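Given next are the chains, with one letter for each unit.
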Amino acid sequence: MNLLIMDERCTEKTDEELVALSLEDQEYFGCLMRRYTAPLGRYIIRVVPSFRNSIDDVLQEVFIKIYLNLRGFDPSLKFSSWAYRITHNHAVSLLRKEKTRPQLVSTDNDTYDFFERYVADGQPNENEIRYAKEEVSRVLAEIDQKYREVLILRYLEEMDYEEISDILKKPVGTIGTLLSRAKAIFKDEYVKKYGTEK
Amino acid sequence: MEQKNEENCVDCVMRRIKEERITPRSKWRFLFNDLSVLAISASSLIIGTLSFSVFLETLLTDDWDIYNQAGRTFWENVLKNFPFLWLFFLCIFIFYSYYAFSESERGYRYKQSVVISLCIAISLILGVFSYFAGIGEKVDNYLIANVPSYHSITGNHVCLWLQPDRGLLAGMIISTGTKPIIIVDFQGNRWIATGTPVFSRGAIDRPGERVKILGTAQGNYVFEAKELRRWSGVVEPNPCR
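Here the protein sequences line up with chains A and B, keeping their order.
Numbering-wise (my numbering), the first sequence opens with residue 2 and increments by one.
Numbering-wise (my numbering), the second sequence opens with residue 561 and increments by one.
Since the hints were made in silico from the structure, they are not lab data.
Hints may be right or wrong, so weigh each one.
Stated by the list, open to error - Straight-line Cα separation of at most 25 Å, SDA-like style, residue types lysine to any residue; simulated pairs:
| hint | chain 1 | residue 1 | chain 2 | residue 2 |
| --- | --- | --- | --- | --- |
| 1 | A | Lys-170 | B | Arg-669 |
| 2 | B | Lys-578 | A | Tyr-195 |
| 3 | B | Lys-587 | A | Ala-21 |
| 4 | A | Lys-98 | A | Tyr-132 |
| 5 | A | Lys-184 | B | Lys-786 |
| 6 | A | Lys-170 | B | Ser-664 |
| 7 | A | Lys-171 | B | Asp-594 |
| 8 | A | Lys-14 | B | Tyr-668 |
| 9 | A | Lys-14 | B | Arg-575 |
| 10 | B | Lys-578 | A | Gln-61 |
| 11 | A | Lys-170 | B | Ala-660 |
| 12 | A | Lys-147 | A | Val-192 |
| 13 | A | Lys-66 | B | Asn-568 |
| 14 | A | Lys-171 | B | Asn-593 |
| 15 | A | Lys-134 | A | Val-93 |
| 16 | A | Lys-147 | B | Lys-640 |
| 17 | A | Lys-170 | B | Val-674 |
| 18 | A | Lys-171 | B | Ala-660 |
| 19 | B | Lys-640 | B | Gly-775 |
| 20 | A | Lys-171 | B | Lys-640 |
| 21 | A | Lys-66 | B | Lys-640 |
| 22 | B | Lys-578 | A | Ser-181 |
| 23 | A | Lys-188 | A | Ala-142 |
| 24 | A | Lys-66 | B | Glu-567 |
| 25 | A | Lys-14 | A | Lys-147 |
| 26 | A | Lys-66 | B | Ile-577 |
| 27 | A | Lys-14 | B | Pro-584 |
| 28 | A | Lys-171 | A | Asp-58 |
| 29 | A | Lys-171 | B | Ser-603 |
| 30 | B | Lys-671 | A | Lys-66 |
| 31 | A | Lys-184 | B | Gln-672 |
| 32 | B | Lys-578 | A | Lys-134 |
| 33 | B | Lys-671 | A | Glu-164 |
| 34 | A | Lys-171 | B | Tyr-668 |
| 35 | A | Lys-98 | A | Gly-177 |
| 36 | A | Lys-98 | A | Ile-56 |
| 37 | A | Lys-14 | B | Leu-620 |
| 38 | A | Lys-98 | A | Glu-62 |
| 39 | A | Lys-171 | A | Glu-17 |
Note that the coordinates shown come from a computational prediction; the quantities given were computed from them, not determined experimentally.
Given only the sequences and the hints, what does the whole structure look like? Please build it.
Structure representation (structure tokens):
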């Protein structure tokens with residue numbers, strides 16, 4: 002089907018509608034993929050940075066899994082949460098294979114926003130921004146995976162508590178507790194590594 | 561990610577779906593998986609209920625007041641009689657029930673404390689009901705009769721009651737309601753129970769009734785009985801080998 006026509010047909014459809022349509026016509030699945038290739042790709046690189054160079058292959062596997070499990074999609078969930086859940090589980094299984102090496106979390110502007118909100122003080126210059134990104138990345142790599150993943154989902158992927166709960170399959174209360182601990186641990190690790198809190 | 565790369569990725573996946581004829585898995589498969597998880601959770605809850613029922617059966621039919629007479633200290637009696645095994649099973653199956661539920665499609669949304677509390681409450685409440693319905697006794701009897709090492713793990717109270725020199729005797733009434741009462745103990749010895757014993761804890765003076773007797777041994781298989789209590793549970797052959 003012509004890509005342009007397909008795009009027009011998909012633009013006003015919700016994710017949930019596209020899921021239902023994909024079960025009748027495969028081409029609609031392409032629309033879902035176009036919507037989620039960038040965000041899921043970014044998320045995978047954040048969780049498993051060492052797979053940056055093979056991100057296309059990883060994304061292919063993720064989308065195949067999403068397609069295979071399409072009939073298992075629970076409409077009471079947001080499709081984005083469900084897709085992130087599949088992606089998260091796949092990324093975690095890749096991470097387990099890479100367990101021996103600490104993973105530096107991919108740095109970008111979102112990483113800096115997180116740093117600025119929770120660690121930094123004052124107006125930084127360009128060098129400070131670059132160092133801050135590297136510092137955040139190193140500290141995130143050091144902390145336990147269960148804390149790292151909630152920090153990434155909350156502050157880099159900007160998910161709310163319910164979405165994180167649906168992605169990680171944990172109660173909302175547990176997510177709140179994990180996040181509080183994760184922030185405290187992040188600050189402690191930062192101070193340990195880089196001296197006094199900025 | 562660049563637009564071109566995105567399109568390549570989409571094209572690759574769509575091509576692979578077509579070439580490998582990949583189709584979404586059947587809805588029934590997901591339904592079956594979810595129902596299986598819920599069934600495991602429910603089964604664990606049922607086993608937890610049974611465990612608590614047997615726990616109560618074992619706890620409440622043991623005679624905690626005679627440990628001194630039986631030559632045991634209080635703590636020795638607790639160690640030998642308290643149904644630790646069933647308490648352990650109860651905890652394991654409550655945990656497993658909670659775990660299976662939390663792995664179900666929507667179960668993870670509920671607070672851990674709420675789910676665990678519910679599992680405990682259901683097991684305990686239904687356990688009490690099933691104890692009063694006699695299910696605990698039936699399970700206990702079945703295990704005594706069919707699992708050879710069961711009594712060695714849970715504590716053998718038969719031998720406790722076969723100590724006539726300590727004033728403890730147990731067996732089956734074979735007389736027909738006349739005095740003295742004739743009893744065959746669980747090791748096959750015939751006893752004459754003299755005196756005017758009190759019948760307590762459901763004991764009945766009737767042939768075929770199994771009883772525990774508190775009293776004093778007089779020698780020559782004569783036993784002066786002070787109290788008869790109903791015997792509960794199956795007695796395995798050669799209980800004190």
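Results of checking the hints against the structure:
A C-alpha spacing of about 7 Å is found between A:Lys-170 and B:Arg-669, which places the hinted pair at or below 25 Å, so the restraint holds. Only pairs whose Cα atoms come within 25 Å are accepted, and B:Lys-578 paired with A:Tyr-195 is rejected, the gap being roughly 52 Å. For the given pair, B:Lys-587 sits about 13 Å from A:Ala-21 by alpha-carbon distance, which is consistent with the 25 Å threshold. Between A:Lys-98 and A:Tyr-132 the alpha-carbon distance is near 29 Å, which puts this suggested pair outside the 25 Å criterion.
Between A:Lys-184 and B:Lys-786 the alpha-carbon distance is near 71 Å, which puts this suggested pair outside the 25 Å criterion. Note on A:Lys-170 and B:Ser-664: the hinted pairing holds, with a Cα-Cα distance of about 9 Å set against a maximum of 25 Å. A C-alpha spacing of about 17 Å is found between A:Lys-171 and B:Asp-594, which places the hinted pair at or below 25 Å, so the restraint holds. For the proposed pair A:Lys-14 and B:Tyr-668, the alpha carbon gap of about 29 Å is over 25 Å, so the pair is violated.
Between the alpha carbons of A:Lys-14 and B:Arg-575 the distance comes to roughly 23 Å, so the proposed pair stays at or under 25 Å and holds. With a C-alpha separation of about 14 Å, the suggested pairing of B:Lys-578 with A:Gln-61 holds against the 25 Å cut-off. At roughly 13 Å between alpha-carbon atoms, A:Lys-170 and B:Ala-660 fall within 25 Å of each other, so this suggested pair holds. Restraint check: the Cα-Cα separation between A:Lys-147 and A:Val-192 comes to about 20 Å, which is no more than 25 Å; the hinted pair holds.
Distance hint between A:Lys-66 and B:Asn-568 is fulfilled; the C-alpha atoms sit about 18 Å from each other, no more than 25 Å. Annotation: proposed proximity of A:Lys-171 to B:Asn-593 holds, straight-line Cα distance about 19 Å (limit 25 Å). Using a Cα cut-off of 25 Å, the hinted pair A:Lys-134 and A:Val-93 holds, with the two alpha carbons roughly 23 Å apart. For the hint pairing A:Lys-147 with B:Lys-640, the CA-to-CA distance comes to about 44 Å; that exceeds 25 Å, so the pair is violated.
Between the alpha carbons of A:Lys-170 and B:Val-674 the distance comes to roughly 16 Å, so the proposed pair stays at or under 25 Å and holds. As the CA atoms of A:Lys-171 and B:Ala-660 are separated by approximately 13 Å, the hinted pair is consistent with the 25 Å bound. Taken as a hint, the B:Lys-640 and B:Gly-775 pair is honoured in the structure, with Cα atoms around 23 Å apart against an allowance of 25 Å. At roughly 41 Å between alpha-carbon atoms, A:Lys-171 and B:Lys-640 are farther apart than 25 Å, so this suggested pair is violated.
Restraint check: the Cα-Cα separation between A:Lys-66 and B:Lys-640 comes to about 55 Å, which exceeds 25 Å; the hinted pair is violated. As the CA atoms of B:Lys-578 and A:Ser-181 are separated by approximately 46 Å, the hinted pair breaks the 25 Å bound. The straight-line distance between the Cα atoms of A:Lys-188 and A:Ala-142 is roughly 13 Å, inside the 25 Å bound, and the hint therefore holds. Of the supplied pair hints, the one linking A:Lys-66 and B:Glu-567 holds, its CA atoms being roughly 19 Å apart against a limit of 25 Å.
A threshold of 25 Å between alpha carbons decides the hint, and for A:Lys-14 with A:Lys-147 the separation of about 35 Å lies outside it, so the pair is violated. For the hint pairing A:Lys-66 with B:Ile-577, the CA-to-CA distance comes to about 11 Å; that is within 25 Å, so the pair holds. At roughly 21 Å between alpha-carbon atoms, A:Lys-14 and B:Pro-584 fall within 25 Å of each other, so this suggested pair holds. Of the supplied pair hints, the one linking A:Lys-171 and A:Asp-58 is violated, its CA atoms being roughly 29 Å apart against a limit of 25 Å.
Between A:Lys-171 and B:Ser-603 the alpha-carbon distance is near 23 Å, which keeps this suggested pair within the 25 Å criterion. Straight-line distance between C-alpha atoms of B:Lys-671 and A:Lys-66 comes to about 29 Å, which puts the hinted pair past the 25 Å bound. Of the supplied pair hints, the one linking A:Lys-184 and B:Gln-672 holds, its CA atoms being roughly 22 Å apart against a limit of 25 Å. Restraint check: the Cα-Cα separation between B:Lys-578 and A:Lys-134 comes to about 42 Å, which exceeds 25 Å; the hinted pair is violated.
With a C-alpha separation of about 16 Å, the suggested pairing of B:Lys-671 with A:Glu-164 holds against the 25 Å cut-off. Distance restraint check for A:Lys-171 and B:Tyr-668: the Cα-Cα separation of roughly 5 Å lies within the 25 Å cut-off, and the hinted pair is therefore satisfied. A C-alpha spacing of about 29 Å is found between A:Lys-98 and A:Gly-177, which places the hinted pair above 25 Å, so the restraint is violated. Distance restraint check for A:Lys-98 and A:Ile-56: the Cα-Cα separation of roughly 16 Å lies within the 25 Å cut-off, and the hinted pair is therefore satisfied.
Pair hint A:Lys-14 plus B:Leu-620 does not hold up; C-alpha atoms about 65 Å apart against a cutoff of 25 Å. Note on A:Lys-98 and A:Glu-62: the hinted pairing holds, with a Cα-Cα distance of about 16 Å set against a maximum of 25 Å. With a C-alpha separation of about 23 Å, the suggested pairing of A:Lys-171 with A:Glu-17 holds against the 25 Å cut-off.
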